[in-house]
Every structure is written in C-alpha cells, then in structure tokens.
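Asker: Residue strings, one per chain:
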Amino acid sequence: MKRAFPILGVLTAILLTYALYQALVVAPTEQTMGDVQRIFYYHVPSAWTAFFLFFINFVASIQYLARANPKTDRIASYIAVGIGVVVFAAAFFIPLPEGMRASAVGTTGLLAAGLYFLVRSLFSQTDTDVLALVTAEVGVAFCLIVLVTGPIWARPVWGIWWAPGDIRLTSTLVLWLIYVSYLVLRRFSASGQTPVLAAALAVLGALCVPFVYLSIWFFRTQHPQPVMGGSGSIDPRMMHALLINWMAFMCFAFLVCWSRYRLEKMQREVDEVQALESLKDVSRSAR
Amino acid sequence: MSAPSGITRATLLKDLRLEWRSKDAINSMLFFSLLVVVVFSFSFDPVAEESRHIAGGLIWVAFLFASVVALNQTWARELRNQVLDAYRVSPAPANSLFLAKAIGNFIFVSVLEVLMTPLFIAFYRLRALGPAWQLLVVAVLGTWALVVNGTFFAAMSIRTRSREIMLPLLLFPISIPAILAMVQATTAILTDENSARFWIVLLVTYDLVFTTSCLLLFETVLNAE
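Quick note, the sequences are listed as chains A and B, same order.
For the first sequence, this note's numbering gives the first residue as 3, with consecutive numbering after it.
For the second sequence, this note's numbering gives the first residue as -14, with consecutive numbering after it.
One or more of the hints may lead you astray.
Computed, partial: chain B to chain A, Cβ under 8 angstroms [what the hints assert, rightly or not]: (1) 141; (2) 143; (3) 209.
Think of the hints as simulated: they come from the structure by calculation, not from any bench.
Every residue gets a Cβ at the ideal spot worked out from N, C-alpha and C, and that includes glycine.
So that you can see chain A by itself, here it is in the shape it has in the complex:
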C-alpha cells in the first residue's frame, strides 16, 4: 500500500499535465465566448468532484450512525438496496425531464447503492468518521474552486460577477456553506462527541440538497444548461477534454484524500497513546 502512493502520485501528475494540454491546446476555441470558455475544464470537473466527495461524506456519515447498532445497520443496508432498485426501475417507467437518459439515471441509482456497500466493506465503523471528515475537507476545497472560477468566467460572458437570483450558483454556495458549518462544528465540539454530532449534521445537510436543487427547476436560471443530463450540447473534442480533466481531478482528489486520511489516522493514534500515557502518569503519581 505504501508503495502505491508515490506511483499514484506520479500517475496523477502525468494525467493532470495531459489534461492541461487537452484543455488549453487540443480543445477547440468556443465560437462566441472565446478562450474564456476554457475555464470550463476546471470549473465543471471541480464541481463534479466536489459533489462526489460530498456524496461519500453522506454515505460515510449514515454508516457511522447506522452501524453503531446491528439492527439499524441491517435497515440501512435494505434501504440502500431498495433505493438502488427503485431508482433503476423508476428511471425506465417514469417520464424524465428532457435530456436525461433513462439508462444513465438508472445506472446512477445502482452505482450509488454499490458505493454504499463498497464503503461498508472497506471501512470499519470508526473509520467511516475519518472518511467523512476527509471528504468534507477536500470537498469544501474543490467547491471553493468552483465558486471562484465561476465568477471569473461570468464577468466577461454575462457582464456580472454573480447572479444573485440564479439558483444553481446559490445552491452551490449553500452546499459550500453547509459543509463549512460541518467543519466548524467538528472544530468546536468536545472530541468525544464530535463524530456523532457531525454525522447527524451531515445527514441533515445532505437531506437539504434536494430542496435546494428542486428550486433550480422552478426558478428560471441564467446558468448554462447542464452538460450531462440537461439539454445543453457540446463538441465531442470539448467533451473529451472535459472528461480527461475530470479523471485527472478525481485522481488528484483521491490522492489528497488518501494522504489526509493517513494523517488523520496517525493523529488519532498519537492522541490515543498520549491519553494513555497521561493516565499512566496519573495512576503512578497517585501511588
């Protein structure tokens, strides 16, 4: 495992370089926006990566709460399977909004359920707390990239830095705020209770996301239509550059999460040993 880390690091560096080349040289210049549009190759992959990490945070938080007790663990597993099956079936029977493909929605449902069991088999209950912390931290960083690159693009194209009425911008901002408050809670609560309180907050925060997103479809939005699952269209070479960039960003996020995970685990071990040592000192001095 230890050797895999530098290998993955080198691979990620190569992939990021190749993705940069794709985004800046290979991808064609957009007709109306010009070169400003190239920020899209950083904006969109960061957004997808951040949402993916927040989803893992949600799964890890649910598992931290559910696996404390075998009964709730079983119920949660049934619900995960149920959601996967129901979404997969519903995708083919319910009329979807224009531009969404039934097979894509169905597979997403199955993948989400699969991810639940992947996390469940890879991490013990206490480790899911570390996973939730790590993904929230890295997710907040990526979400911040989205929030910074968005206005840089919007200024020359829309003429404004920020469209306050636009719900897609607002919802990403709200998402970022929710996870910042999650990190603040972790920082400010007494160490023994942090995991439970943070997990409860993460679950409520994730439940909030559909409500924020529901309003996208209701409010008229200024943001370009989503590339995936929306009615927007894109040149195949641009799509290629975008996907390469997403792959590179995901590898990079994985790398950062991994090293942060190891660091946090070590930190906790050190804390544990120190607590034990101080207990020993106390009992020695009492004697």
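Please build the complex by placing chain B on the supplied structure of chain A, with the hints as guidance.
Answerer: Okay, now just chain B, sitting in the frame of chain A:
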C-alpha cells in the same frame, strides 16, 4: 412510566410556566425584533409599492434572528442543576422531550409573530394584494420549519464551545431553502404577481422531511458521549 404524550405535555407545561413567570425569552425576542423593525424602517423608508417587495424578506429575517434567542435558551435552561443529564438517564423517550421543546418554541415564536405583525403592517404600510389567508399557512409552516431544526441544532450546539455562536452557524445554512420558500411565498402573496402554491408545497415537504429526520436522530444526539 406515563405515556410519551404525557411526558411531552408535562415538559411543555413546565416550559410554558417557566416562561410565563420569567418572560426571559419573549421579552428579549420582542425587543430585538422591534429594534430590527425600527432600524430597517430608518434605513429604507420605502413607499407602499416597494415595501411590498421587500417586506417578506424583512419580516422573516427579523423573526429568524429573534427566534435564535428563544432557541438558545431551550436547552441552556436544562444545563443548570444537571437537568439534562437527569433526562438522559431517565427512561422517558427522547422524542417526547424533543417534541415538547419544539412545540414550546413554536408557541414562543408564534406569540412573537402575532405581536410583531401589526407593527410591521403599520411601519411599512402593508396590504396584501393576493389571498391573505395563505399568509397564515406560510407563517405556520415557516415557523415550524425554523423551530424544528432550531431545537435540534440547539441541542447540538449546547455541546460545543462558544455555543451561542454555534447555533446560527449550524441553523442558517440548512434553513436556507425554507427561508427562501417563506420569503418568496410572502412576497408572492403580498404582491399577487404569481402563485405561492409551489413554495407552500415545498415548505410542507421540508417540514415533513426535517421533522422525521430530527425525530430519528435526536436520541443519538442527546446521548452522544
């Protein structure tokens, strides 16, 4: 052991009696939102047509900030003499306690709204152009959305350092969809430019989802150690 509803009622009556005798929460909430009304009316001085567009936002922001005062006191009151620890070791179901606290807060904030609304109407010369009875629905649903999450997060923030600051930090981001819905619905009713139905349905769903999940998670949070 008495029934869960009995425990809820007993806790609720105890809280109401405490509040009736001390009037701590309601006085500070009233004075606070009065200040907000006065300061806003100085800084905007709108004509009737404009104020219809901004009043929805002003009212709910004032109530939101004022309700934090009541919410912060919810559990802080129980810390004295280790009452909260006594609750935790007692066999009483945690959810009855949570419901009692949420209903109590709902009553406090509703009283505040009933007393403050005439002032708002007077200061901003408000008159609803749309169906005014819907405002009542929005007020009930919106207040419940605020207090159910607020009671939950107050129980969470009581465990942290600098707890008075923690509550708004946790509560506001999660409440944004509800606040958006309340403000949009109120503005829609006041101006009668479009229907408030979507926002009311959103509020109902929000209330259902968050009441359920708060009830499911409350016991874990109360006993977190």
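Asker: Any hints this thing doesn't respect? Which numbers, in order?
Answerer: 2
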